Amino acid sequence: DAMVIQNPRYQVTQFGKPVTLSCSQTLNHNVMYWYQQKSSQAPKLLFHYYDKDFNNEADTPDNFQSRRPNTSFCFLDIRSPGLGDAAMYLCATSGGQGFEAFFGQGTRLTVV
Amino acid sequence: AQTVTQSQPEMSVQEAETVTLSCTYDTSESDYYLFWYKQPPSRQMILVIRQEAYKQQNATENRFSVNFQKAAKSFSLKISDSQLGDAAMYFCAYTTGGSTLGRLYFGRGTQLTVWP
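If you read the sequences in order, they're chains A and B. To convert, note that position 62 of the first sequence is 197 in the working numbering; the numbers rise steadily by one, no gaps. To convert, note that position 94 of the second sequence is 105 in the working numbering; the numbers rise steadily by one, no gaps.
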């Protein structure tokens, strides 16, 4: 089945050690999103790609970067994770304006 | 600023009864789309229902329907004949065209409990 896959499901990283989360999709959607979701809070949009165009939210820390090498894959890089970056990270895709977003199961990041 | 407000952090309903979840939003865009998403304890977010702002008719999907009041910027979700499987966190969300093309914003969510 077509879907959005996030790897790994659980990631433990050390304080300050760079970490990369990955997302792949078989939906051929042109929009890919990264959200940060902390416990009992709304998903917070970090950035999104519309095709190759990268769109950063104004309040996304510089510590968070993203790469989209092709339509199918998108990566979230956290250059120096802090304790406050521990959260669930959700990847989503969309066919464009007005279309529903399809979400992956998320990666739960723990920072020790 | 683009905002989505869900004023009910928690709601509960008896099985087979009806419950309404509230959502208001604020946007200066004229072209936008509204969504309700459900996030069960397994955490994968799934779409419940979608509404185009240019359509006056309220969207319905089986037991789920919306009351879309464009002038009031209100978008509530009604769940009829509630089932135990409806228990989840529900998020109201919207996406717009224009300067924020592609961005998808969420409210803080409403935790729905369904009692047998």
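In short, the hints are calculated from the structure, not lab data. Note that this is a predicted model, so its numbers are computed, not measured. Do not rely on the hints blindly, as some may be mistaken.
[To be verified] Sample of chain A residues facing chain B (criterion: CB under 10 Å; computed from the structure):
1. Q172
2. F210
3. A227
Glycine included, every Cβ here is placed at the ideal spot set by N, Cα and C.
Original post:
Of the hints stated earlier, which fail here?
Top reply: Number 2 only.
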